[in-house]
Amino acid sequence: MTRILPQTKSAAINPLKSSQPLGAALAFLGIDGAVPLFHGAQGCTSFALVLFVRHFKETIPLQTTAMDEITIILGGSDNLEEAIFNLKTRTTPKLIGVCTTALVETRGEDCAGDISDIRLRRAEELAGTEIVLANTPDFAGALEEGWAKAVTAMIEGITKPGERARQSKKIAILPGWNLTVADLEHLREMVESFGLQSVILPDLSGSLDGTVPDHWVPTTYGGTSIEDIRELGTAEHCIAIGEHMRRPAEVLYKATGVPYVLFQSLTGLKGADQFVSLLSAISGQPVPASVRRRRAQLQDALLDGHFHFGGKKIAIAAEPDQLYQFGAFFVDMGCAITAAVTTTGMSKILEKVPAESIQVGDLGDLESLASGADLLVTHSHGRQASKRLGIPLMRIGFPVFDRLGSQHRLSILYQGTRDLVFEVANLFQAGRRAPTPDELDPFRKRQTPGEPDASLLTRH
Amino acid sequence: MTSLSAKIQDVFDEPACDKNRGKDVRARKEGCARPLTPGAAAGGCAFDGAKIVLQPITDVAHLVHAPLACEGNSWDNRGAASSGPTLWRTSFTTDLTELDVVMGRGERKLFKAIREIKEAYAPAAVFVYSTCVTALIGDDIEAVCKRAAEKFGLAVVPVNAPGLAGSKNLGNKLAAEALLDHVIGTVEPDDAGPYDINVLGEFNLSGEFWLVKPLLDRLGIRVRACIPGDARYRDVASAHSARAAMVVCSTALITLARKMDERWDIPFFEGSFYGISDTSEALRNIAELLVRKGADPEILDRTERLIAQQEAIAWKKLEAYRPRLQGKRVLLNTGGVKSWSLVHALVEIGMEIVGTSVKKSTLEDKVRIKQMLKDDNDTFEQMSARDLYAILSGGKADIMLSGGRTQFVALKAKMPWLDINQERQHPYAGYDGMVELVRQIDLAIHNPIWRQVRERPPWDGPIHGYDALPGPSDDAENLHAVQETAGKAPTICVSAEEIR
Chain A
1 MTRILPQTKS AAINPLKSSQ PLGAALAFLG IDGAVPLFHG AQGCTSFALV LFVRHFKETI
61 PLQTTAMDEI TIILGGSDNL EEAIFNLKTR TTPKLIGVCT TALVETRGED CAGDISDIRL
121 RRAEELAGTE IVLANTPDFA GALEEGWAKA VTAMIEGITK PGERARQSKK IAILPGWNLT
181 VADLEHLREM VESFGLQSVI LPDLSGSLDG TVPDHWVPTT YGGTSIEDIR ELGTAEHCIA
241 IGEHMRRPAE VLYKATGVPY VLFQSLTGLK GADQFVSLLS AISGQPVPAS VRRRRAQLQD
301 ALLDGHFHFG GKKIAIAAEP DQLYQFGAFF VDMGCAITAA VTTTGMSKIL EKVPAESIQV
361 GDLGDLESLA SGADLLVTHS HGRQASKRLG IPLMRIGFPV FDRLGSQHRL SILYQGTRDL
421 VFEVANLFQA GRRAPTPDEL DPFRKRQTPG EPDASLLTRH
Chain B
1001 MTSLSAKIQD VFDEPACDKN RGKDVRARKE GCARPLTPGA AAGGCAFDGA KIVLQPITDV
1061 AHLVHAPLAC EGNSWDNRGA ASSGPTLWRT SFTTDLTELD VVMGRGERKL FKAIREIKEA
1121 YAPAAVFVYS TCVTALIGDD IEAVCKRAAE KFGLAVVPVN APGLAGSKNL GNKLAAEALL
1181 DHVIGTVEPD DAGPYDINVL GEFNLSGEFW LVKPLLDRLG IRVRACIPGD ARYRDVASAH
1241 SARAAMVVCS TALITLARKM DERWDIPFFE GSFYGISDTS EALRNIAELL VRKGADPEIL
1301 DRTERLIAQQ EAIAWKKLEA YRPRLQGKRV LLNTGGVKSW SLVHALVEIG MEIVGTSVKK
1361 STLEDKVRIK QMLKDDNDTF EQMSARDLYA ILSGGKADIM LSGGRTQFVA LKAKMPWLDI
1421 NQERQHPYAG YDGMVELVRQ IDLAIHNPIW RQVRERPPWD GPIHGYDALP GPSDDAENLH
1481 AVQETAGKAP TICVSAEEIR
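If you're matching them up, the sequences are chains A and B in order.
In terms of our numbering, the first sequence has 317 at position 317, counting the first letter as 1, and numbering is strictly consecutive.
In terms of our numbering, the second sequence has 1068 at position 68, counting the first letter as 1, and numbering is strictly consecutive.
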C-alpha cells in the first residue's frame, strides 16, 4: 500500500505544479478555432502565455478580461462581457473557453450566471461562437484538474445530450493532458488500422503540432471541430486515457449513453496489449501485421534494454496520472521508485503507483528525497536540482522549455514504449563511469546487512 | 489600499520623466497607465514588473505570497546572470490553498514560510511580494514582514505591488519604492570612495553588463551597486554612498534615480550601453558627473583615450559585415531598448530601417530616430500581430528585431528574427556587444534554412512526367532510387497523365 504524505511546509520551494486555469486553457487549445480567455488580472494570462510559448514554441491565442482594482470591487461581469465581444469581433472564434482564476473565485463571482445571462441577452450577436466555462481557481488543483474540468465543460455545454443513433465504426477518445502530439497521432493511426474512426477530444495533434500556415490566424488552427464535439454522442464507444479523464467520460456516458473504457496508462506492454485487444474486439478485425511487428520490436527492446534498468533508483515528480504512467514503466523495467512527488493527494491513481510513499509537494521535496538516485524524472524546472545533485534529468510533462521537440516524443503503445526504453537506456549509458580501484576495494565498501545501500554512500 | 493608491499617484507624477513633462496637468494626473481593453490586452501585471526589477538581486530569497499561478507559472524564466549566488533562481511561494484563503490563514502561513526559508537557506534578505488574492483578502504583509524581521533578525522587505494595481511598468516603479523605503541606506559601507557609481535599471541579461564593467574597471570607476543585475543585497543597501548614477532603463527606474538624487545628492543621467556612440557617451557622462562631485579631472582624458581606442576597434570589426549587410532592411519592434543608438550603428554599416516602434521612447528619442529612417512614416506606437505579419510576409523587411512575444509572428511568416529583449541568448551591451548583435543579425539573415522553408514542395502543383523529377544527375544511386520508386507506382503515373 502506497502511503501518501501530505504537504506540511508553509513555503513551497520550486513548484512542481502549473496552475489549474493553465490546464483548462491547454484543453481549449485542442479545439479548432478556439481562444481561451482567463477571467482575471492581465498577469494571470501573461504568465501562462509565456509559459505556453516557451514549451510549444508556437503562437498561442490566449486572452484576458483584464480585471483591475476597480472592477474587482464592482464585479467582473462587465469585463467578461466586453472581453467576449471584443474577441468575437476581432477573431471570430468558434469557441471561447473561459477559465476563471483565483482572483475572481476569491471574490466569489457567479461566472456561470454571468455567461448564461450574456448568452440570453445577446444570443444573436453570439451566433456561431460557443462559450464554455471552466471554474479553475489557482488555489486548487493543477494542470490535470484544469484539463479535465475543461473537457467536462465542453461535453456538458456542447455535446447534444440524449441517446443517439450510433455509428458502429466511430470511437470517441478522451486523452489526458500528458499525451503528446506524437502520442495522439499514433493513437489515431492505431485506431484507423482497425478500420475504425476516432474523434479525439481535445486534439492537440491538430492544433499544436508545429506547422506553418500560409496566412495569419488569430485563433487555434486545427484540433477537434465543434461539430465533432456536438456529435460525440453518436460514437459506438468511448476510450478515456488517465484517471483524471474518468469524470469527463462519466459525464458523456450519463448524457448520451456512450459506454466507456478507461485506460490508466497506455505506456508499457500490458496497457498496449489491452488497448489493441479492445480495438480488435470493437472492430471485429484481427490485429494487423504492422501492429504485431511493433509488438515484437518492443519485446526485443525489453530484452536489449533490461540490462541497463535493473536495480536503478528513480526519483520522479509529476502530476498523478503521469506519475503512474512513468512510475509503472520504470518498475516494469526492473527499476525502483525511491522518491515520488506529486501535486495532490486526491487522485485515485496514486494507490496504484509502485512506490512506498508519495510526497505531495514540490521540486524542493524531490531534491531532498532524490539523493542517491540514478535518474531524476520531471519537467524542465528539475534542471537546477539535477545540476546540484549531479543526477541526470529526464524531462517529461509540462513545461519542457529547454529542449526542443517534446511534443513530438512518443511514449505510448508498443512503439512509444520501445522508444522510451531506448531513450532511458541511453541516458544511463551516457552516465556510466569507468570503475576505479577505490570503488571496488572490498575492504573499503563492504556492505553489511542493516547498513544503508553502498551506492548511497559512494554518490557523495 | 490607501497607502498603495498614494504610492501609485506619487510614482506616476515623475518630474524627471520627459514624457510626463510633456503632458498637461490633467493628463499627468491620470498617470501613465493606459486602460486595458478586456479581450484585447497584452502584457504583464504590476507584480510581474516588481519581480522583474528585484529578482536579479542574487543572494535574496524572493517569496511570493499567492496561490500557485503567480510564481508557479513564471519562475526561472528570465536570462539575468549571476557571478555568484544562485538563491534568486530558487522559487519560493506560499502556494495558498482554498482552505488558506477561506480560513484566513494567509498571514500565518507567510510568517512560517519566512522562518522556514531563514532556517534552510540563511539568505541575505527575504523579499515578500503581495499579489492580487492576498491583497484582496487583506493580508497585511508589511506587518508580517516587520514582525518577522524583528523575530528572526533578518531583513524582510515587503514589496507591495499586487497584479491588479496595474501594468508591469507600474510594478517596476513600486519595486523601486520598496528599495527606497526598506533597503537603500540601511548599510553604511566602510570603503566609500570618489569613484563609486550606481547603475540603475541594468538587468545583466545574458551577462551583458560584464561586457561593460571591465571598461569601468579600467578607468578606476567602481560600481557600488548595479540594480538589479548581478546585485548583492549589501550592495543595494549601501547604494546611497555612491557619487553618481546612470539610469539605463529609464522607464523602469527613473523615479528611483530622482529620489536618490534628492535624498542623498547622487546626480544621475539617462544613458544606454546599446550601440557604440551611446556606450561612449555613457562613459563620458559618468566621468563628468564624478568630476563634478570632486574626482580628479584627469579621469576625463583617460576616458577619452579609452573611448577612442575602443571605438576604433569596434568600427573595424563592424566594417567586416558591411558587404554582407549593406542594403538589408530591418524592422524594429521593441519598446524596451532605447534603440536609437543601436539604430545608428546599423545604419552606419549600410542597413536600412524600414520601421520602428517608439512606444517607450521619449520625444527626443523620436526626433533622433526619425533622422535615421528612410521614411518619416515608418515609426509606430504599437502594431498588431496581424499587421506585423503582413509586413513580414509581404517581404518588406529582411529581418525583425523584437521581443519573444512577437517571435512567432516573424517565424510563421518565414522571416529571420532576432531576440533583443529579456529572453535573448546573447549579450549586446557595450562595444563588443554591438559587434555581437551585428554578427547575430548576419547569422540570422544568411542562414540557409530560409531558402529551404520558403520553397514549395516539387510535388505540389502541376504534375510532370519522370523526366522532370528532381534529382542530382551525377548521383547515380539517388537517380536509381527515384526510378525504382516511380516504377513501383505505375497507377499514380497513369492518373497523372490523365489529369494533364
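Hints are supplied without guarantee of correctness; some may be wrong.
Unchecked claim - Cross-link-like lysine to any residue pairs, in silico, SDA-like; alpha carbons within 20 Å at most:
| hint | chain 1 | residue 1 | chain 2 | residue 2 |
| --- | --- | --- | --- | --- |
| 1 | A | LYS9 | B | VAL1102 |
| 2 | A | LYS9 | B | GLU1116 |
| 3 | A | LYS387 | B | SER1082 |
| 4 | A | LYS254 | A | ASP273 |
| 5 | A | LYS387 | B | LYS1146 |
| 6 | A | LYS88 | B | THR1037 |
| 7 | A | LYS9 | B | ALA1122 |
| 8 | B | LYS1396 | A | LYS313 |
| 9 | B | LYS1118 | B | GLU1107 |
| 10 | B | LYS1146 | A | SER10 |
| 11 | A | LYS9 | B | ASN1077 |
| 12 | B | LYS1414 | A | PRO213 |
| 13 | A | LYS387 | B | THR1090 |
| 14 | A | LYS57 | A | ASP214 |
| 15 | B | LYS1414 | A | LYS9 |
| 16 | A | LYS9 | B | LYS1007 |
| 17 | B | LYS1007 | A | ILE70 |
| 18 | A | LYS387 | B | ASN1077 |
| 19 | A | LYS9 | B | SER1082 |
| 20 | B | LYS1109 | A | LYS94 |
| 21 | A | LYS94 | A | TRP216 |
| 22 | A | LYS313 | A | ARG395 |
| 23 | A | LYS9 | B | GLU1348 |
| 24 | A | LYS254 | A | GLY162 |
| 25 | B | LYS1396 | A | TYR221 |
| 26 | B | LYS1112 | A | HIS237 |
| 27 | A | LYS9 | B | LEU1099 |
| 28 | A | LYS94 | A | SER116 |
| 29 | A | LYS387 | B | LYS1007 |
| 30 | A | LYS9 | B | THR1037 |
| 31 | B | LYS1151 | A | ASP214 |
| 32 | A | LYS9 | B | LEU1087 |
Unchecked claim - Pairwise CB distance ranges (calculated):
| hint | chain 1 | residue 1 | chain 2 | residue 2 | range |
| --- | --- | --- | --- | --- | --- |
| 33 | A | ILE70 | B | GLU1188 | 39 to 47 Å |
| 34 | A | ALA434 | B | LYS1396 | 43 to 51 Å |
| 35 | B | SER1003 | A | GLU124 | 44 to 52 Å |
Unchecked claim - In silico negatives: residues of chain B with every beta carbon more than 12 Å from chain A:
| hint | residue |
| --- | --- |
| 36 | LYS1168 |
| 37 | LEU1216 |
| 38 | ARG1232 |
| 39 | LYS1259 |
| 40 | LEU1325 |
What the hints contain is simulated information worked out from the structure, not anything from laboratory work.
We treat Cβ as the ideally placed atom computed from N, Cα and C, and that holds for glycine.
Hints versus structure:
{"no.": "1", "hint": "LYS9(A) / VAL1102(B)", "in the structure": "holds, 19 Å"}
{"no.": "2", "hint": "LYS9(A) / GLU1116(B)", "in the structure": "holds, 8 Å"}
{"no.": "3", "hint": "LYS387(A) / SER1082(B)", "in the structure": "holds, 16 Å"}
{"no.": "4", "hint": "LYS254(A) / ASP273(A)", "in the structure": "violated, 28 Å"}
{"no.": "5", "hint": "LYS387(A) / LYS1146(B)", "in the structure": "violated, 35 Å"}
{"no.": "6", "hint": "LYS88(A) / THR1037(B)", "in the structure": "holds, 14 Å"}
{"no.": "7", "hint": "LYS9(A) / ALA1122(B)", "in the structure": "holds, 17 Å"}
{"no.": "8", "hint": "LYS1396(B) / LYS313(A)", "in the structure": "violated, 56 Å"}
{"no.": "9", "hint": "LYS1118(B) / GLU1107(B)", "in the structure": "holds, 17 Å"}
{"no.": "10", "hint": "LYS1146(B) / SER10(A)", "in the structure": "holds, 18 Å"}
{"no.": "11", "hint": "LYS9(A) / ASN1077(B)", "in the structure": "violated, 24 Å"}
{"no.": "12", "hint": "LYS1414(B) / PRO213(A)", "in the structure": "holds, 10 Å"}
{"no.": "13", "hint": "LYS387(A) / THR1090(B)", "in the structure": "holds, 13 Å"}
{"no.": "14", "hint": "LYS57(A) / ASP214(A)", "in the structure": "holds, 17 Å"}
{"no.": "15", "hint": "LYS1414(B) / LYS9(A)", "in the structure": "violated, 49 Å"}
{"no.": "16", "hint": "LYS9(A) / LYS1007(B)", "in the structure": "violated, 34 Å"}
{"no.": "17", "hint": "LYS1007(B) / ILE70(A)", "in the structure": "holds, 17 Å"}
{"no.": "18", "hint": "LYS387(A) / ASN1077(B)", "in the structure": "holds, 17 Å"}
{"no.": "19", "hint": "LYS9(A) / SER1082(B)", "in the structure": "violated, 28 Å"}
{"no.": "20", "hint": "LYS1109(B) / LYS94(A)", "in the structure": "violated, 43 Å"}
{"no.": "21", "hint": "LYS94(A) / TRP216(A)", "in the structure": "holds, 16 Å"}
{"no.": "22", "hint": "LYS313(A) / ARG395(A)", "in the structure": "holds, 16 Å"}
{"no.": "23", "hint": "LYS9(A) / GLU1348(B)", "in the structure": "violated, 58 Å"}
{"no.": "24", "hint": "LYS254(A) / GLY162(A)", "in the structure": "holds, 9 Å"}
{"no.": "25", "hint": "LYS1396(B) / TYR221(A)", "in the structure": "violated, 26 Å"}
{"no.": "26", "hint": "LYS1112(B) / HIS237(A)", "in the structure": "violated, 51 Å"}
{"no.": "27", "hint": "LYS9(A) / LEU1099(B)", "in the structure": "holds, 15 Å"}
{"no.": "28", "hint": "LYS94(A) / SER116(A)", "in the structure": "holds, 17 Å"}
{"no.": "29", "hint": "LYS387(A) / LYS1007(B)", "in the structure": "violated, 42 Å"}
{"no.": "30", "hint": "LYS9(A) / THR1037(B)", "in the structure": "violated, 39 Å"}
{"no.": "31", "hint": "LYS1151(B) / ASP214(A)", "in the structure": "violated, 62 Å"}
{"no.": "32", "hint": "LYS9(A) / LEU1087(B)", "in the structure": "holds, 19 Å"}
{"no.": "33", "hint": "ILE70(A) / GLU1188(B): 39 to 47 Å", "in the structure": "holds, 43 Å"}
{"no.": "34", "hint": "ALA434(A) / LYS1396(B): 43 to 51 Å", "in the structure": "violated, 58 Å"}
{"no.": "35", "hint": "SER1003(B) / GLU124(A): 44 to 52 Å", "in the structure": "holds, 47 Å"}
{"no.": "36", "hint": "LYS1168", "in the structure": "violated, 8 Å"}
{"no.": "37", "hint": "LEU1216", "in the structure": "holds, 31 Å"}
{"no.": "38", "hint": "ARG1232", "in the structure": "holds, 20 Å"}
{"no.": "39", "hint": "LYS1259", "in the structure": "holds, 24 Å"}
{"no.": "40", "hint": "LEU1325", "in the structure": "holds, 26 Å"}
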